[in-house]
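Dock chain U against chain H, hints included.
Protein chains: 2
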Amino acid sequence: MLRVETVAALREAVGAAARPLGLVPTMGALHVGHLSLLSRARAETATVAATIFVNPTQFGPSEDFGRYPRPIEDDLRALADVGTDLVFTPSAAEMYLPGAATTVHVGGPALPLEGEMRPGHFDGVATIVTKLLLEAQPDVAYFGQKDGQQIAVIRRLVADLDVPVEIVAVPTVREADGLAVSSRNVYLTPAQRAAAPVVYRALAATRDRYRSGNCNRDELEATCGSLLAREPAIDAVDYVTVVDADTMAPWAGEGSCMLAAAVRMGSVRLIDNVIMD
Amino acid sequence: MLRVETVAALREAVGAAARPLGLVPTMGALHVGHLSLLSRARAETATVAATIFVNPTQFGPSEDFGRYPRPIEDDLRALADVGTDLVFTPSAAEMYLPGAATTVHVGGPALPLEGEMRPGHFDGVATIVTKLLLEAQPDVAYFGQKDGQQIAVIRRLVADLDVPVEIVAVPTVREADGLAVSSRNVYLTPAQRAAAPVVYRALAATRDRYRSGNCNRDELEATCGSLLAREPAIDAVDYVTVVDADTMAPWAGEGSCMLAAAVRMGSVRLIDNVIMD
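Protein chains in written order, with our numbering: chain H, 94 to 370; chain U, 94 to 370.
Simulated from the structure, these hints should not be mistaken for lab results.
You can take every hint at face value.
From the derived model, a few chain H residues whose C-beta atoms are all more than 10 Å from chain U:
| # | residue |
| --- | --- |
| 1 | LEU95 |
| 2 | ALA110 |
| 3 | ALA111 |
| 4 | ALA122 |
| 5 | PHE158 |
| 6 | PRO162 |
| 7 | ARG163 |
| 8 | GLU312 |
| 9 | ALA315 |
Covered stretches of chain H (in silico footprint by chain U; criterion: 3 or more residues with CB under 8 Å from a CB of chain U, positions within the stretch not fixed):
| # | segment |
| --- | --- |
| 10 | 191 to 197 |
| 11 | 201 to 214 |
| 12 | 220 to 231 |
| 13 | 253 to 265 |
Chain U is faced by these chain H residues, among others (derived, beta-carbon under 8 Å):
| # | residue |
| --- | --- |
| 14 | VAL100 |
| 15 | ARG249 |
| 16 | LEU250 |
| 17 | THR340 |
In this text the structure is predicted, and so the values were computed from the model without any measurement.
By construction, the Cβ of each residue, glycine as well, lies at the ideal position given by its N, Cα and C atoms.
Looking at chain H on its own, in the form it has when it is part of the complex (with noise of 0.2 Å):
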């Protein structure tokens, strides 16, 4: 595994590569995941890379940006494990040169949901993200539903600016119990780990619900609501929706439906989603 921390060189073995070359951008801390991520793109492309740089301009003044992990070492042992040919892990200051003005702005299906939580977050995912792919030039890039909004924010912006490059979604790797496999479950204390599984189970009870027939979008938010109101380790709902999954806009009975949710226990945020159909 080739590791390169500037642009320059990240080109220069880009040129080089196999093609297809499959990109797996991360920000580090990686876990099952990014694996299947990692996996799915080596069954598929002649070259496998990946990013690992945790951008500061997606994290909010008050979030976590200081203390998300950044276990390097073991990052790139299991990068190569799963056999990364190509690992890009650049500095900021790499990153963002100096008088940095450009800020790639997607409104739409950034608008709501996160956008509304974590204002700028997706100004600073798309940003990062068209400089990853603009770099790297790859044939496809890999994506976790886990973020699904994130998912329909880089298809926007990839339609909108041509960036040639398809855009794989991966489902979400779960933990026995049903958790989403987060870099962030580290924070949740073992009271909060044990009560965390009540996310998914109650997207799972609610989808049960649109697949036997329900399709009220007011009814099945109050049904996964109400089953997250009765776990007191959640602090806080953040939002409970039922979306079309390319649009972020309210499910209007037509497309592709995700049913997304984020909570809070305490200072740890949880987000997850499922596709409903």
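Okay, now just chain U, sitting in the frame of chain H:
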């Protein structure tokens, strides 16, 4: 010369094109200024591609989008005459998909001058230029120095987003009397046209003062401003300013120095600039 009207057809054509590929993005209404860009591309690249697209998003609501000249047959003939290989003439529907929601926003050099006078203009420019660069994948793209701030904005976004292209600024082409060639010059009445060369005369006289040793920004701006103020055909001076040619910040004695002016004659806005050093 091959004419294509869809992104897919453009992609196919550039995929098969000899490299390097030079791109000249235009809004049509081609004049000798554009032709100098194309000649430069013809001399430097194996394949010359042009685009003609009057981009609605870079016009303000009270600006001249509707009446902007669109002599498409003349333009195609002119492109063929200078040896253009490929021209992309998309519709607005081809460039802006239903639900399009992505904007490339540049701060920094896009904020003062035209950015102040024409809110939203550079977001429109930055977004369409990013799209065209990603669609046509040129090795080199050519822009006219007449829109000096636009060049600074495009260089900024190309650096910030890591678009893999070289940006070349081509010197402003002038009429015999000094007036910068522009598609908007056709709007001038004969009397305004006769008076319009004062803009370049004022810029050039001020550049002469600079070159003979006067490096005081306020004095240079006052010199140029008073030359413009004396011309009765000029109804308003939007700005006269000595700026850093890369950042568009007030020139602080280092780096490339640009003197830029914008004036109004009736409903016509004329912009021009000179590089002082």
